[in-house]
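Asks: Residue numbers (this note's numbering), protein chains in the order written: chain B, 1 to 236; chain U, 1 to 292.
Do not rely on the hints blindly, as some may be mistaken.
[As the list claims (entries may be wrong)] Some chain U residues flagged as far from chain B (calculated, every beta-carbon gap over 12 Å):
| no. | residue |
| --- | --- |
| 1 | Thr61 |
| 2 | Val81 |
| 3 | Lys93 |
| 4 | Met100 |
| 5 | Ala123 |
| 6 | Gln176 |
| 7 | Thr188 |
| 8 | Ile250 |
[Claimed, not checked] List of simulated lysine-lysine pairs, BS3-like, C-alpha gap at most 25 Å:
| no. | chain 1 | residue 1 | chain 2 | residue 2 |
| --- | --- | --- | --- | --- |
| 9 | B | Lys53 | U | Lys164 |
| 10 | B | Lys76 | B | Lys106 |
| 11 | B | Lys69 | U | Lys93 |
| 12 | B | Lys14 | B | Lys76 |
Derived by calculation from the structure, the hints in this document are not laboratory data. Where is the CB? At the ideal position from N, CA and C, for every residue including glycine.
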Amino acid sequence: MLLRVENLTTYYGKIMALDNVSIDISEGEVVAVIGRNGAGKTTLLRSIMGLVKPAKGRILFRGEDITGKPPWIRAKLRIGYVPEGRRLFPYLTVEENLLVGAYTLKDKEEIYRRLEAVYRLFPRLEERRSQLARTLSGGEAQMLAIGRGLMVNPRILLMDEPSMGLAPKIVDEVFDTISSLKEEEKVTILLVEQNARKALEVADRVYLLDTGRVVLHARADEARNDLRVRKIYLGG
Amino acid sequence: MEITAAFLAQELITGLTLGAVYIAIALGLTIVYGILEILHIAHAGVYVVGAYVGLVSYVATHSVLLAFLAAAAGSALVGVVIERLFYLPMLDKPRHIPLMISIALFILIEEMVANTAGHYPKAFQTSLPSSVYSCCGVLISFQQILLMALVYALSLAIWLIFEKTRLGLASKALIQDLEVAEAMGIETNKIVDLNFILGSALAGIAGMLVGIYYGKISPHMGDVVAYESLVVIVLGGFGSIVGAVVGGLILGVAEAFLAAFFSNILPRDAFAFIVMIVLLIFRPQGLFGRAE
Ligand SMILES: Nc1ncnc2c1ncn2[C@@H]1O[C@H](COP(=O)(O)OP(=O)(O)O)[C@@H](O)[C@H]1O
Ligand SMILES: [Mg+2]
Numbered sequence: 001m002l003l004r005v006e007n008l009t010t011y012y013g014k015i016m017a018l019d020n021v022s023i024d025i026s027e028g029e030v031v032a033v034i035g036r037n038g039a040g041k042t043t044l045l046r047s048i049m050g051l052v053k054p055a056k057g058r059i060l061f062r063g064e065d066i067t068g069k070p071p072w073i074r075a076k077l078r079i080g081y082v083p084e085g086r087r088l089f090p091y092l093t094v095e096e097n098l099l100v101g102a103y104t105l106k107d108k109e110e111i112y113r114r115l116e117a118v119y120r121l122f123p124r125l126e127e128r129r130s131q132l133a134r135t136l137s138g139g140e141a142q143m144l145a146i147g148r149g150l151m152v153n154p155r156i157l158l159m160d161e162p163s164m165g166l167a168p169k170i171v172d173e174v175f176d177t178i179s180s181l182k183e184e185e186k187v188t189i190l191l192v193e194q195n196a197r198k199a200l201e202v203a204d205r206v207y208l209l210d211t212g213r214v215v216l217h218a219r220a221d222e223a224r225n226d227l228r229v230r231k232i233y234l235g236g
Numbered sequence: 001m002e003i004t005a006a007f008l009a010q011e012l013i014t015g016l017t018l019g020a021v022y023i024a025i026a027l028g029l030t031i032v033y034g035i036l037e038i039l040h041i042a043h044a045g046v047y048v049v050g051a052y053v054g055l056v057s058y059v060a061t062h063s064v065l066l067a068f069l070a071a072a073a074g075s076a077l078v079g080v081v082i083e084r085l086f087y088l089p090m091l092d093k094p095r096h097i098p099l100m101i102s103i104a105l106f107i108l109i110e111e112m113v114a115n116t117a118g119h120y121p122k123a124f125q126t127s128l129p130s131s132v133y134s135c136c137g138v139l140i141s142f143q144q145i146l147l148m149a150l151v152y153a154l155s156l157a158i159w160l161i162f163e164k165t166r167l168g169l170a171s172k173a174l175i176q177d178l179e180v181a182e183a184m185g186i187e188t189n190k191i192v193d194l195n196f197i198l199g200s201a202l203a204g205i206a207g208m209l210v211g212i213y214y215g216k217i218s219p220h221m222g223d224v225v226a227y228e229s230l231v232v233i234v235l236g237g238f239g240s241i242v243g244a245v246v247g248g249l250i251l252g253v254a255e256a257f258l259a260a261f262f263s264n265i266l267p268r269d270a271f272a273f274i275v276m277i278v279l280l281i282f283r284p285q286g287l288f289g290r291a292e
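Whenever a hint applies, use it, and build me the whole structure from the sequences.
Replies: Written as structure tokens, this is what we have:
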């Protein structure tokens, strides 16, 4: 098992955002976590990154308990993160954003190779390498957020709603990228999405979250017929 | 009064020297302001500490270089202790709380210095040459040259650190999005420490430089400095290195000329605020700040 989340309970003050959540993901898999707005999807990824402290439960990465470790240790373990709403560094250039993504890498050669790999995946980013991130279009910004998460050559990439706020054509591009990361680069991906239909097309397995609880865990092809999943289809 | 080229050049030198003093203090302040966005009024206290550590070390060692190093180290220590004990734990509190703490610390530091070293000014005489050079009717002293050379070299070094190193990249990332910076592997506490160490060391060097330049130091030497360094970084744009340098220069030169032409009309120390207020009306983000 690459990543295992065991009985995780997370609060914001008195609000319980996650209630005894357990999920796991093996190397090479793409696992989707779907659920409507406020279900706790972002909180799950933030807990895995160490950005919120869970009240209860454990997070195991390659067998090691990382629950209490600070976020930068996660980066050192090569957990890549694409936050909700992209959260680029607006006043850094495209290339500087990528270099921050590679902050834990010490070897200049390796950083250069990663930069090449990301530019190969997103040639548009190379064209705009010395532009400030804040000048990018929504689609380009999402490419950069994904590219930044890929800079560490992640053992697992956590993606939080990469399709949020994008035009339908761009959403398709983003999901094409995710497919090619899966098929060609063999990247393990934990994908959080409100766009259940699209998420189920690329995922192997899926967890459905509802008010902080896992209410369904199934293979992606089975989940498509589940009534609760279909409700989410209609909702968003 | 006859206005000659030599007279103007002389006032320019006075202005550039004064500007160097402002830059020395504001450079450190803009670094520590930039990193946590806390108005670090106690920075002027750190500057006073640097001046006294510098004097004590100079008396003990008779080495200007060692005294500078001690001033930098002593101030860096005080700065980073303030950051760890009082600022980091207050980051999620409303902004006026760390500001109040900072003002209290400034007063506390000044009183502690006064209680241990005495309320009255102390002479800061060194073995540095006191020679004055003259060229085409313009005078410049060795101490002015030393002050300017040191401050402008330090400014360049600091600029290079923030533009060309990993520390610089990490600092900028942290300022723009602390949480994501952490998730990307930046040990943010360490980076904040390093910024406070660097900024406070600069304050220490500034304190000692000003002490040498004016030949004396006092526990209250930070009072006007506390306001004026604030003006310089508001003028330049909060958190901007280039802004602190340009802001310091403008203020220094403008003050020198104003004093030369209208010394009896305008109070010198208040002038800084008039410049700042006028500028802020037209450009709220300062000269080199970004409009958010
Ligand atoms: N910073 C926060 N402070 C307080 N409550 C929060 C915060 N972030 C999220 N919540 C609450 O926690 C719950 C889960 O939110 P979130 O994880 O963002 O859901 P999702 O990503 O599925 O939309 C929601 O009820 C939300 O209102
Ligand atoms: Mg969310």
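Asks: Now look at each hint and say whether the structure bears it out.
Replies: Each hint, compared with the structure:
Listed as a non-interface residue, Thr61/U keeps its Cβ farther than 12 Å from every Cβ of chain B; the least gap is roughly 39 Å. The non-interface label for Val81/U is consistent with chain B: the shortest C-beta to C-beta separation is roughly 22 Å, beyond 12 Å. The claim that Lys93/U lies off the interface holds: its Cβ sits roughly 16 Å from the closest Cβ of chain B, which is beyond the 12 Å cut-off. Distance check for Met100/U against chain B: the nearest CB is about 25 Å away, which clears 12 Å, and the non-interface claim stands.
Listed as a non-interface residue, Ala123/U keeps its Cβ farther than 12 Å from every Cβ of chain B; the least gap is roughly 46 Å. With a minimum CB-CB distance of about 4 Å to chain B, Gln176/U fails to clear the 12 Å threshold, and the non-interface call is violated. Not every beta carbon of chain B lies more than 12 Å from that of Thr188/U, the smallest distance being close to 8 Å; the non-interface claim is violated. Every Cβ of chain B is farther than 12 Å from the Cβ of Ile250/U; the closest lies at roughly 24 Å, confirming the non-interface assignment.
The straight-line distance between the Cα atoms of Lys53/B and Lys164/U is roughly 35 Å, outside the 25 Å bound, and the hint therefore fails. Of the pairs offered as hints, the one joining Lys76/B and Lys106/B holds, with about 11 Å between alpha carbons and a cut-off of 25 Å not exceeded. Restraint check for Lys69/B and Lys93/U: satisfied, since their Cα atoms lie roughly 24 Å apart, inside the 25 Å limit. Our distance criterion of 25 Å between C-alpha atoms is broken by Lys14/B and Lys76/B, whose separation comes to about 32 Å.
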